[in-house]
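Trainee: If you want the building blocks of each chain, they are given just below.
There are 2 protein chains.
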Amino acid sequence: MTTATIVSAIRTESAYQQLLRLAQDAKLIASSASLLSWDQETMMPDGGVEYRSRQMAMLAKLAHDHLVDPRVGDLLAACEGDRDLMAAPHGDAAANIREIRRDYDRATKLPSDLVEEMAKTASVAQHEWAAARKESSFSRFKPWLRKNIELLRRKAECLGVPRDGEPWDALADEYEPGMTAAQIETLFTPLRSRLKKLLDDLLGSSKKPSNAFNEIALPIEAQKKFVRFIAEAIGFDFKRGRLDTSTHPFCGGTHCNDVRLTTRFHDVNVNDALGSTMHECGHGIYEQGLLFAHVGTPLGESVSLGIHESQSRMWENQVGRSLPFWKWLYPKLGEFFGSATKGLSLEDVYGGANVVEPGFIRVEADEATYNMHIMIRFELERAILRGDLDVDDIPETWNAKYKDYLGLTVPDDRRGCLQDVHWSSASMGYFPTYTLGNLYAAQIFEKVMQEIPDLHRQFEKGKFDDLRHWLNRNIHAHGRRYLPDELCQRVTGKPLSADPLMRHLEGKLRPLYGA
Amino acid sequence: MTTATIVSAIRTESAYQQLLRLAQDAKLIASSASLLSWDQETMMPDGGVEYRSRQMAMLAKLAHDHLVDPRVGDLLAACEGDRDLMAAPHGDAAANIREIRRDYDRATKLPSDLVEEMAKTASVAQHEWAAARKESSFSRFKPWLRKNIELLRRKAECLGVPRDGEPWDALADEYEPGMTAAQIETLFTPLRSRLKKLLDDLLGSSKKPSNAFNEIALPIEAQKKFVRFIAEAIGFDFKRGRLDTSTHPFCGGTHCNDVRLTTRFHDVNVNDALGSTMHECGHGIYEQGLLFAHVGTPLGESVSLGIHESQSRMWENQVGRSLPFWKWLYPKLGEFFGSATKGLSLEDVYGGANVVEPGFIRVEADEATYNMHIMIRFELERAILRGDLDVDDIPETWNAKYKDYLGLTVPDDRRGCLQDVHWSSASMGYFPTYTLGNLYAAQIFEKVMQEIPDLHRQFEKGKFDDLRHWLNRNIHAHGRRYLPDELCQRVTGKPLSADPLMRHLEGKLRPLYGA
Chain A
27 MTTATIVSAI
37 RTESAYQQLL
47 RLAQDAKLIA
57 SSASLLSWDQ
67 ETMMPDGGVE
77 YRSRQMAMLA
87 KLAHDHLVDP
97 RVGDLLAACE
107 GDRDLMAAPH
117 GDAAANIREI
127 RRDYDRATKL
137 PSDLVEEMAK
147 TASVAQHEWA
157 AARKESSFSR
167 FKPWLRKNIE
177 LLRRKAECLG
187 VPRDGEPWDA
197 LADEYEPGMT
207 AAQIETLFTP
217 LRSRLKKLLD
227 DLLGSSKKPS
237 NAFNEIALPI
247 EAQKKFVRFI
257 AEAIGFDFKR
267 GRLDTSTHPF
277 CGGTHCNDVR
287 LTTRFHDVNV
297 NDALGSTMHE
307 CGHGIYEQGL
317 LFAHVGTPLG
327 ESVSLGIHES
337 QSRMWENQVG
347 RSLPFWKWLY
357 PKLGEFFGSA
367 TKGLSLEDVY
377 GGANVVEPGF
387 IRVEADEATY
397 NMHIMIRFEL
407 ERAILRGDLD
417 VDDIPETWNA
427 KYKDYLGLTV
437 PDDRRGCLQD
447 VHWSSASMGY
457 FPTYTLGNLY
467 AAQIFEKVMQ
477 EIPDLHRQFE
487 KGKFDDLRHW
497 LNRNIHAHGR
507 RYLPDELCQR
517 VTGKPLSADP
527 LMRHLEGKLR
537 PLYGA
Chain B
27 MTTATIVSAI
37 RTESAYQQLL
47 RLAQDAKLIA
57 SSASLLSWDQ
67 ETMMPDGGVE
77 YRSRQMAMLA
87 KLAHDHLVDP
97 RVGDLLAACE
107 GDRDLMAAPH
117 GDAAANIREI
127 RRDYDRATKL
137 PSDLVEEMAK
147 TASVAQHEWA
157 AARKESSFSR
167 FKPWLRKNIE
177 LLRRKAECLG
187 VPRDGEPWDA
197 LADEYEPGMT
207 AAQIETLFTP
217 LRSRLKKLLD
227 DLLGSSKKPS
237 NAFNEIALPI
247 EAQKKFVRFI
257 AEAIGFDFKR
267 GRLDTSTHPF
277 CGGTHCNDVR
287 LTTRFHDVNV
297 NDALGSTMHE
307 CGHGIYEQGL
317 LFAHVGTPLG
327 ESVSLGIHES
337 QSRMWENQVG
347 RSLPFWKWLY
357 PKLGEFFGSA
367 TKGLSLEDVY
377 GGANVVEPGF
387 IRVEADEATY
397 NMHIMIRFEL
407 ERAILRGDLD
417 VDDIPETWNA
427 KYKDYLGLTV
437 PDDRRGCLQD
447 VHWSSASMGY
457 FPTYTLGNLY
467 AAQIFEKVMQ
477 EIPDLHRQFE
487 KGKFDDLRHW
497 LNRNIHAHGR
507 RYLPDELCQR
517 VTGKPLSADP
527 LMRHLEGKLR
537 PLYGA
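Chains as they are written, first to last, in my numbering: chain A, 27 to 541; chain B, 27 to 541.
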């Protein structure tokens, strides 16, 4: 190296360090907001609502100011011009720079008056949606949905619709970087027909798994101890996290060493609390698996909603609804629930976790029908954004698809197109990440099973460390180093496909239903 | 009004509105930090410590940047030059402007490198103090205390030592605006001799109140229900606040509609939990009594630590250790503690709340000896800051005063001059606010008793609304409109004096001790 090269290297090194510090500063603010948000859902007294929204707006503004600081643009340009830094495309520096660029471009492409108008409109729209759902009155929600769609189209335009792409792609990129509607369609089309066939066979069979376990009332305090025991068993680290109760379970917190999960409890059906807990634990184990050394930078962040969801679904479904898991857990039920669960057989509890039953409500759906709910939403929002579907026609189209895909006659809009919060908060491009999660989970889990052939025998003994460590190494530790599709290819050796999920569902459900 | 006057009025009106908005913005950040701080003491998993300190530092920096924003200085100058705004010296605008000026001057007078050095030094000093206290090794703490004192002297110099004043005054002004060491001395000197006489008489008497209630082990869950019941009864509003558990009880939260109290529990001695709870409820009722209309501005903030402490002490002592209070509560003990408290008489429980016993530890002291602990600390820190006492001589001087004032031989520095965190965190000028709180409480309570003569009969019926509403109106609602001594004069008609506290203590304790 010549002196000039060294001086230049030091200067650029310093640009990179400065860039990281600015990113870390923005994250310190955003993560503080995240703690306030968790607190609002779990701890805050009702009286705090109004001032809390002012605090949140202030922190959002400060975080955004940091994100679009012109120094970030200058430092990015300096770093991107440095060949040494960018030499290894997936090296620490190049990956961080690429992802900070992604965040910076997204943040700076959106004019602040649009961001503000979207936030304000969404706030009223959510309120009107909640009232409209209560009244089951789509017409009450319609003007706000129309306004949201108009703003979403403007947002997509500002972000830039890719050549050969469509507005949906620009929006979805925020949740699943690089994913397009065309790719989703390629995945969903075969999935839909194969799921339809499977559901027809299952529901046409005279054999059904027992639902007895789901019908027993169990004390909430016992359920709490039960799910906490399982959260600890599968390896959620309570020295670096909490588990509380909230109306809607979620995974929040501030960073990998402070992860806050919530779950919920009903008097009847401990499987709901168990499923919610394992689901959120999956999210939480991912968050805890991010590396503190990279905290506040892209390498210390989760890569996409789809991959995040794959972690929650894997623990919820591939682990928590498997026979080996129940072989371990079944003999322990008495310790928590005494005589209440005494009459149940292993078949009852394993079957109870795997009952398939088409219903109107997405969030209550079983593992097999769930994806149908997602496909319907994806098809609708894609058509809406393309201009192929008018807001007026949403209920009719929604109901027709429910009839077609799930054989159900939707009784009212409350249980139909008004059931989800997403569109009211101006989120489109989000729904498919749930099914992507199911697909990734199945594909990744097949790979784990190949690499750890006795995994199911480990589950039978209540051992989950090998699975967790494998996920830590192969998924979590990478943060945003690879894009989701790169990560999938790298980890499983193949692009994402519907095959593993169908194998998982068919392999488990057909025997249970004798179909 | 001429057009020019109107235009000028609008312009200045707008300067005041802008000033308020900047103050409110700074408070949104500071109150977010306050929530993070509460969370750290009550909810945060251990793993979160390191990142939390980074978040807190970031928010502190942002809040400070807002506080010293040069626009604040410009707007203050514009407002102060507006005769209409400043016409009524205790009107909303004039009071807010005066207090924002106080905060702005204090913040801008301190160079940021001094603030940073103090924070860094205090952070190490607190750590070293904790270790030194554990080892009872004053020499370990000495270099850090010396460093803190040097920084405190520099701080006092930057803030400006008042003419005829001393460094202590400049520091104390942060906690008790306008209070000086000379005024404290005038209050404390007669208090000390009268307390000494009272203590000699009480401890020399052969009659003593029963300590039986303090020696009964009671289940923590029952204690929790008990103190929650009392918090609700005296009027802490749980729709606008919470009560949790922490090692050191405190009152936190973010604003009047979200007040977070903590208390603590021991297996034995429910009076500790009760006293802590009523004390923190007193702080909390003050905070809840601030007006939401003024949130984020000085008129929506508490006026001083001394007045704050008067509210906590009044509910803890004037209410919670009074005979009428126990006449109401005594018959209810069985509802919470079953047979465990069955053998106790009313005299046992009232007496148990009023045992006087000199001890080494300030935070465990009873109502009468407590003030002696404070006087000793005040005399020492005043002498230290004047340069009349060297750090080397602190333990000896401390121990001599404990012998003199409380008749105790301090066994080691752990139970002596190393017991409090204050000096390690570079807080001097703070301690006297505890005794000021006791003095204000007694003087204000005498006034309430004059205005509501049947107050004690109300306590006997478990009615505390009249007292709380009186405090709301006369103390809380004013925020920082008056300085503490103005408030005292306005509310009680007299300057602060030691007489009411001595009347309170003598009137209660002499009969109990037959002295």
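The set of hints was computed from the structure by calculation and includes no laboratory data. Treat the hints with caution; some may be incorrect.
Note: identical chains are not told apart, hence a pair may lie in one copy or across any two.
Here are the simulated lysine to aspartate or glutamate pairs, EDC-like style, with alpha carbons at most 16 Å apart [claimed, not checked]:
(1) Lys-223 x Asp-430
(2) Lys-87 x Asp-51
(3) Lys-265 x Asp-72
(4) Lys-223 x Glu-161
(5) Lys-265 x Glu-76
Trainee: Can you tell me if Lys-265 and Glu-76 fall within 16 Å by alpha carbon in one copy, between copies, both or neither?
Mentor: between (32 Å within a copy, 13 Å between copies)
Trainee: Is it within, between, both, or neither for Lys-223 and Glu-161, if the alpha carbons may be no more than 16 Å apart?
Mentor: Neither: 36 Å inside a copy, 74 Å across copies.
Trainee: Quick one: Lys-87 to Asp-51, C-alpha cut-off 16 Å, is that within a copy, between copies, both, or neither?
Mentor: For Lys-87 and Asp-51, both the intra-copy (13 Å) and inter-copy (11 Å) Cα distances are at most 16 Å.
Trainee: Could you place Lys-265 and Asp-72 in one of the four classes (within, between, both, neither) given a Cα distance threshold of 16 Å?
Mentor: Between copies, since 6 Å is at most 16 Å while 29 Å is not.
Trainee: Are the CA atoms of Lys-223 and Asp-430 at most 16 Å apart within a copy, between copies, both, or neither?
Mentor: within (13 Å within a copy, 92 Å between copies)
Checked against the numbered hints given earlier, the structure breaks only hint 4 and satisfies all the rest.
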